[in-house]
Amino acid sequence: MDSRDQLRRRARQQRQSLSPAENARLSSLACSIFCNHPWFRNSHKIAAFFPSDGEIDPLLLVERAWAMGKRCYFPVLKPGSANALWFHEYRPGDRLLTNRFGINEPDPLKRTRISPMALDIVLTPLVCFDASGTRLGMGGGYYDRSFSHLRRRNRWFKPKMIGIAFDSQKLNRIPSENWDIPLDAIVSDKQMYIAD
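Start counting the sequence shown at 6; every next residue gets the next number (my numbering).
The set of hints was computed from the structure by calculation and includes no laboratory data. None of the values given here were measured: they were computed from a predicted structure. Some hints could be false.
Stated by the list, open to error - Cut-off 25 Å, straight-line C-alpha distance, at most; resulting in silico cross-link-like pairs (PhoX-like, lysine-lysine):
| no. | residue 1 | residue 2 |
| --- | --- | --- |
| 1 | K175 | K75 |
| 2 | K163 | K75 |
| 3 | K50 | K115 |
| 4 | K50 | K83 |
| 5 | K175 | K165 |
| 6 | K165 | K75 |
| 7 | K115 | K83 |
Claimed, not checked - Ranges of calculated distance between the beta carbons of each label pair, as one might list FRET restraints:
| no. | residue 1 | residue 2 | range |
| --- | --- | --- | --- |
| 8 | R30 | T103 | 25 to 31 Å |
| 9 | N177 | R150 | 36 to 42 Å |
| 10 | W184 | F106 | 27 to 33 Å |
C-beta: ideal position from N, C-alpha, C; glycine also.
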């Protein structure tokens, strides 16, 4: 089996090869699939992300969430912390800042920060995934650290961790590490995979 770094490199190249039009088309399909799921319909506080590096774009889901009166939160690099995230509310028209990776994030001085445990759903970016809910991200461990409380699933059931990706990012098996936070489900442009 390939190493996690090899899997990551190949999957990123493949994801980046999509044209902007194809990315937008597939992103729209994935967002439509999840908008019809009860987890989305019954949620109130949703974390999403601003796409980069060819990632699927979840912003249509965010627009639908706002139209339904839901609150949306986006990651902000936690100041002075090694690879952890804060989540701040973001509303239409709010000013965005660009972090050190060139990714947009809400201005942390303008809106409320929320505890990760108070979120209902977290849409997570990923490089590749498998049916068991193993997610391979960019390699920094930001989501794994920020949601480490979920390792104690007998006490914490929120939030639901939902990967959102192109179906072409699905692999048969990804080697997992003990620090990995598994996904509850993955939404792709073809279907929703509930982790087994």
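For each hint, the structure was consulted:
no.	hint	result
1	K175 - K75	29 Å, violated
2	K163 - K75	16 Å, holds
3	K50 - K115	18 Å, holds
4	K50 - K83	20 Å, holds
5	K175 - K165	20 Å, holds
6	K165 - K75	16 Å, holds
7	K115 - K83	15 Å, holds
8	R30 - T103: 25 to 31 Å	27 Å, holds
9	N177 - R150: 36 to 42 Å	27 Å, violated
10	W184 - F106: 27 to 33 Å	21 Å, violated
The structure does not agree with the numbered hints 1, 9, 10 stated previously, though it agrees with the rest.
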